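Protein chains in written order, with the numbering used here: chain A, 545 to 655; chain B, 69 to 183.
Simulated from the structure, these hints should not be mistaken for lab results. Treat the hints with caution; some may be incorrect.
As the list claims (entries may be wrong) - Partial list, computed: chain A residues near chain B (C-beta under 10 Å):
| id | residue |
| --- | --- |
| 1 | Val548 |
| 2 | Gln550 |
| 3 | Pro552 |
| 4 | Tyr575 |
| 5 | Tyr579 |
| 6 | Gln581 |
| 7 | Gly586 |
| 8 | Leu587 |
| 9 | Asn596 |
| 10 | Ile599 |
| 11 | Asp607 |
| 12 | Phe618 |
| 13 | Phe635 |
| 14 | Cys636 |
| 15 | Ala637 |
| 16 | Arg651 |
This structure is a prediction, so every number in the text was calculated from the model and none was measured. Virtual Cβ for every residue (Gly too), placed ideally from N, Cα, C.
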Amino acid sequence: DAGVIQSPRHEVTEMGQEVTLRCKPISGHDYLFWYRQTMMRGLELLIYFNNNVPIDDSGMPEDRFSAKMPNASFSTLKIQPSEPRDSAVYFCASSFSETQYFGPGTRLLVL
Amino acid sequence: GDSVTQMEGPVTLSEEAFLTINCTYTATGYPSLFWYVQYPGEGLQLLLKATKADDKGSNKGFEATYRKETTSFHLEKGSVQVSDSAVYFCALSDQGGGSNYKLTFGKGTLLTVNP
Chain A
545 DAGVIQSPRH
555 EVTEMGQEVT
565 LRCKPISGHD
575 YLFWYRQTMM
585 RGLELLIYFN
595 NNVPIDDSGM
605 PEDRFSAKMP
615 NASFSTLKIQ
625 PSEPRDSAVY
635 FCASSFSETQ
645 YFGPGTRLLV
655 L
Chain B
69 GDSVTQMEGP
79 VTLSEEAFLT
89 INCTYTATGY
99 PSLFWYVQYP
109 GEGLQLLLKA
119 TKADDKGSNK
129 GFEATYRKET
139 TSFHLEKGSV
149 QVSDSAVYFC
159 ALSDQGGGSN
169 YKLTFGKGTL
179 LTVNP
């Protein structure tokens, strides 16, 4: 089992650029979660999906953030335009029960 | 709403010392409780869990008992190793009768174990 796969692992971009983070959940899992982790705010749930449908996006910080899940094996989190305060580690997690399995994260730096 | 409060770190111990990280929770229903661990540069991974009152979760020498009367789920280990250095997160899942696997996390506790 390959686990949750995220790409890229590291991303450095300039303010104003579009950033797309990608996630491949574990096969058979029907829940997918996007989190953001910073020193100041800790671990924050941004949005989660069930069977490819967004269930709760109340954690998405603002309209610059959007997430999609076009099929059961792929999800994206997009930031457009990016700002320096978006710098963080973004995690994707998937589950079919209460236990969530996390990916290795994408470390984003916006200059 | 649901919430998890865990002791603030950082916690610094010597190898073979006893570890306790306190965790208390507030939930409307009957939650399942979890401890996740995050090693440097990695994602979170499940350490142990308990799904009902008085259950004890255990893994890799770590233990935690679900105490409904005190709404607590304290993490303990009798003898820590340098390799246990990581951030530990307490979390709960309160389905509220529906199918909802959202987790509520505590802020995390950084543990450093010195040789």
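Measuring from the C-beta of Asp607/A to each C-beta in chain B, is the shortest one below 10 Å?
This hint is violated: Asp607/A lies away from chain B, its Cβ roughly 22 Å from the closest one there, beyond 10 Å.
Closer than 10 Å between Cβ atoms is the bar; does Pro552/A clear it against chain B? Give me holds or violated.
With a closest approach of 15 Å, the Pro552/A hint is violated.
Restraint: Asn596/A near chain B, CB-CB cut 10 Å. Satisfied or not?
violated, 15 Å
For the restraint on Gly586/A, tell me whether the closest CB of chain B is nearer than 10 Å.
holds, 5 Å
Would the stated hint for Tyr579/A survive a check requiring a Cβ distance to chain B of less than 10 Å?
Tyr579/A check passes; min Cβ-Cβ to chain B is 9 Å, inside 10 Å.
Agreement of hint Arg651/A with chain B interface, Cβ distance less than 10 Å:
holds, 9 Å
Can you verify the interface hint for Gln581/A: is its Cβ closer than 10 Å to any Cβ in chain B?
With a minimum Cβ separation of about 9 Å from chain B (threshold 10 Å), the hint on Gln581/A holds.
Against chain B, is Val548/A within 10 Å by beta-carbon distance?
Cβ of Val548/A sits 8 Å from chain B, so the hint holds.
Evaluation of the interface hint that places Cys636/A against chain B, nearest CB under 10 Å:
holds, 9 Å
Per the CB criterion, is Ala637/A less than 10 Å away from chain B?
holds, 8 Å
Identify whether the interface hint at Gln550/A stands, where standing means a beta carbon of chain B within less than 10 Å of its own.
holds, 8 Å
Interface hint outcome for Phe618/A [beta carbon to chain B under 10 Å]
Violated. Min distance 18 Å.
When the structure is compared with the earlier hints, violations turn up for hints 3, 9, 11, 12 and for no others.
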